[in-house]
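Novice: Listed here are the chains, written in short residue letters.
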Amino acid sequence: MVAQETFSIQTRGRETVNITHQITSLVDQSGIHSGICQLFLRHTSASLILCENADPDVRSDLERYLSRLVKDGDSIFQHTMEGPDDMSAHIRTILTHSDLSLPISNGRLALGTWQGIYLWEHRTHPHNRQVMVTLIGE
Amino acid sequence: MVAQETFSIQTRGRETVNITHQITSLVDQSGIHSGICQLFLRHTSASLILCENADPDVRSDLERYLSRLVKDGDSIFQHTMEGPDDMSAHIRTILTHSDLSLPISNGRLALGTWQGIYLWEHRTHPHNRQVMVTLIGE
Amino acid sequence: MVAQETFSIQTRGRETVNITHQITSLVDQSGIHSGICQLFLRHTSASLILCENADPDVRSDLERYLSRLVKDGDSIFQHTMEGPDDMSAHIRTILTHSDLSLPISNGRLALGTWQGIYLWEHRTHPHNRQVMVTLIGE
Chain A
1 MVAQETFSIQ TRGRETVNIT HQITSLVDQS GIHSGICQLF LRHTSASLIL CENADPDVRS
61 DLERYLSRLV KDGDSIFQHT MEGPDDMSAH IRTILTHSDL SLPISNGRLA LGTWQGIYLW
121 EHRTHPHNRQ VMVTLIGE
Chain B
1001 MVAQETFSIQ TRGRETVNIT HQITSLVDQS GIHSGICQLF LRHTSASLIL CENADPDVRS
1061 DLERYLSRLV KDGDSIFQHT MEGPDDMSAH IRTILTHSDL SLPISNGRLA LGTWQGIYLW
1121 EHRTHPHNRQ VMVTLIGE
Chain C
2001 MVAQETFSIQ TRGRETVNIT HQITSLVDQS GIHSGICQLF LRHTSASLIL CENADPDVRS
2061 DLERYLSRLV KDGDSIFQHT MEGPDDMSAH IRTILTHSDL SLPISNGRLA LGTWQGIYLW
2121 EHRTHPHNRQ VMVTLIGE
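Chains as they are written, first to last, in my numbering: chain A, 1 to 138; chain B, 1001 to 1138; chain C, 2001 to 2138.
Since the hints were made in silico from the structure, they are not lab data. Be aware that one or more of the hints could be misleading.
Quick list of simulated restraints, FRET-style, between CB atoms [claimed, not checked]:
hint: 1; chain 1: C; residue 1: Thr2124; chain 2: A; residue 2: Arg108; range: 41 to 49 angstroms
hint: 2; chain 1: A; residue 1: Glu63; chain 2: C; residue 2: Gln2029; range: 41 to 49 angstroms
hint: 3; chain 1: A; residue 1: Ser25; chain 2: B; residue 2: Asp1057; range: 15 to 23 angstroms
hint: 4; chain 1: B; residue 1: Pro1126; chain 2: A; residue 2: Gln78; range: 42 to 50 angstroms
hint: 5; chain 1: B; residue 1: Ile1009; chain 2: A; residue 2: Glu63; range: 40 to 48 angstroms
hint: 6; chain 1: B; residue 1: Gly1013; chain 2: A; residue 2: Arg64; range: 22 to 30 angstroms
hint: 7; chain 1: A; residue 1: Ser25; chain 2: C; residue 2: Asn2106; range: 22 to 30 angstroms
hint: 8; chain 1: B; residue 1: Glu1082; chain 2: A; residue 2: Glu63; range: 14 to 22 angstroms
hint: 9; chain 1: C; residue 1: Ala2054; chain 2: B; residue 2: Ser1008; range: 40 to 48 angstroms
hint: 10; chain 1: B; residue 1: Pro1084; chain 2: A; residue 2: Glu63; range: 28 to 36 angstroms
hint: 11; chain 1: A; residue 1: Glu63; chain 2: B; residue 2: Pro1126; range: 15 to 23 angstroms
hint: 12; chain 1: C; residue 1: Thr2020; chain 2: A; residue 2: Ser8; range: 17 to 25 angstroms
hint: 13; chain 1: B; residue 1: Ser1008; chain 2: A; residue 2: Gln10; range: 37 to 45 angstroms
hint: 14; chain 1: C; residue 1: Gln2130; chain 2: B; residue 2: Ser1060; range: 22 to 30 angstroms
For lysine-lysine, the following DSS-like pairs were computed, each having C-alpha atoms within a straight-line distance of at most 25 angstroms [unchecked claim]:
hint: 15; chain 1: C; residue 1: Lys2071; chain 2: B; residue 2: Lys1071
hint: 16; chain 1: B; residue 1: Lys1071; chain 2: A; residue 2: Lys71
hint: 17; chain 1: C; residue 1: Lys2071; chain 2: A; residue 2: Lys71
Just so it is clear, CB atoms sit at the ideal spot from N, CA and C, and this is done for glycine as well.
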């Protein structure tokens, strides 16, 4: 059995958006008992991550860390036409994930207690991002 | 056909643990000829990686590299309640992988000759880690 | 329905090779309408990435960034027998991806407009790399 759905997230610029609830709902509706829930982000400057879901400081620390590791406007970048956050956004995406593959077990998304699913916008301006969800199982 | 199994690994603190044998055994037992073996770690401070499996120096170099890249107790971290290795463990996890998706071919896990599957504990204290394995195919 | 195919890419040393066309062709031929296209690279010193596909500067910036982040011949490396690019290649692989899981929708690979699939050779000498493609769906 295969089910597929796409939804959009409007971001407000660089930020993490919790999308766990959208994904668990799709799994609940699918009627799949055991299988795989595959998430895919159709963009090259935003990511999908699993992150600790209890303390918001984790995500602000993460953002602070990554923006120091991958500096906007780094002088080695030649791809700068769309601004200082463009090339850094591509690198941030490649160092993290565009796809996530999660287990479905007993009809539920089998996340760990502390795992939340986040869309991470890497551009500083707002963007509309499409997440495609494919559920396969029986 | 879908098969699913969860197993636990007791880590001794920060280290890499070879779990290749557990995964190949599950594939062998499943009776699936062609398909996907999806691994999922239900935690936010440990990773699943594919790494060179012959020279243990590779994994000690990797640990040395990553602990320099993501410093325990970095002064930019505000999420510090559980100690200096807590936030760094979350970042190390996001820079690597919580899920791995591997092909099953001719009834076997189709790893390359030098690929081993490792659970990478990022916390300095021992933890019990759950790996969920979902096999889909025919 | 499961379809599986392996193809080889001969690299000329450290470079990115666009393999999008090979993958979309396999999806087109498979007859699968909805499902997952899973890519797997059977090596520990080359990666699969999704990257912006329009401006080649993105990939040269990416290479410049990563070779500064993970220095060939870093003095902390003990795994050096195969040369200064050996251990750095393993690290570059683990910081990026050996597997990619992509959605198939309406019989086509559902990449975003700007997403290309690239094999990223991390060794400085030419290598023959095997990509295994597993398509599951209905």
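Novice: Taking the hints in turn, state whether each one holds.
Specialist: We went through each hint and held it up to the structure:
1. C:Thr2124 - A:Arg108: 41 to 49 angstroms: The hint (41 to 49 angstroms, Cβ to Cβ) holds, given that Thr2124 (chain C) and Arg108 (chain A) are roughly 47 angstroms apart.
2. A:Glu63 - C:Gln2029: 41 to 49 angstroms: Roughly 42 angstroms apart at Cβ, these two residues keep to the hinted range, so it holds.
3. A:Ser25 - B:Asp1057: 15 to 23 angstroms: Check failed, 47 angstroms falls outside 15 to 23 angstroms.
4. B:Pro1126 - A:Gln78: 42 to 50 angstroms: For Pro1126 (chain B) and Gln78 (chain A) the Cβ distance comes to about 47 angstroms; the hint holds.
5. B:Ile1009 - A:Glu63: 40 to 48 angstroms: 30 angstroms, violated
6. B:Gly1013 - A:Arg64: 22 to 30 angstroms: 26 angstroms, holds
7. A:Ser25 - C:Asn2106: 22 to 30 angstroms: Check passed, 23 angstroms falls within 22 to 30 angstroms.
8. B:Glu1082 - A:Glu63: 14 to 22 angstroms: 19 angstroms, holds
9. C:Ala2054 - B:Ser1008: 40 to 48 angstroms: 46 angstroms, holds
10. B:Pro1084 - A:Glu63: 28 to 36 angstroms: 19 angstroms, violated
11. A:Glu63 - B:Pro1126: 15 to 23 angstroms: Violated: the Cβ-Cβ distance is about 30 angstroms, outside 15 to 23 angstroms.
12. C:Thr2020 - A:Ser8: 17 to 25 angstroms: 24 angstroms, holds
13. B:Ser1008 - A:Gln10: 37 to 45 angstroms: 40 angstroms Cβ-Cβ, so the 37 to 45 angstroms window holds.
14. C:Gln2130 - B:Ser1060: 22 to 30 angstroms: 28 angstroms, holds
15. C:Lys2071 - B:Lys1071: Status holds; Cα separation ~18 angstroms.
16. B:Lys1071 - A:Lys71: 18 angstroms, holds
17. C:Lys2071 - A:Lys71: Within the cut-off at roughly 18 angstroms; holds.
When the structure is compared with the earlier hints, violations turn up for hints 3, 5, 10 and 11 and for no others.
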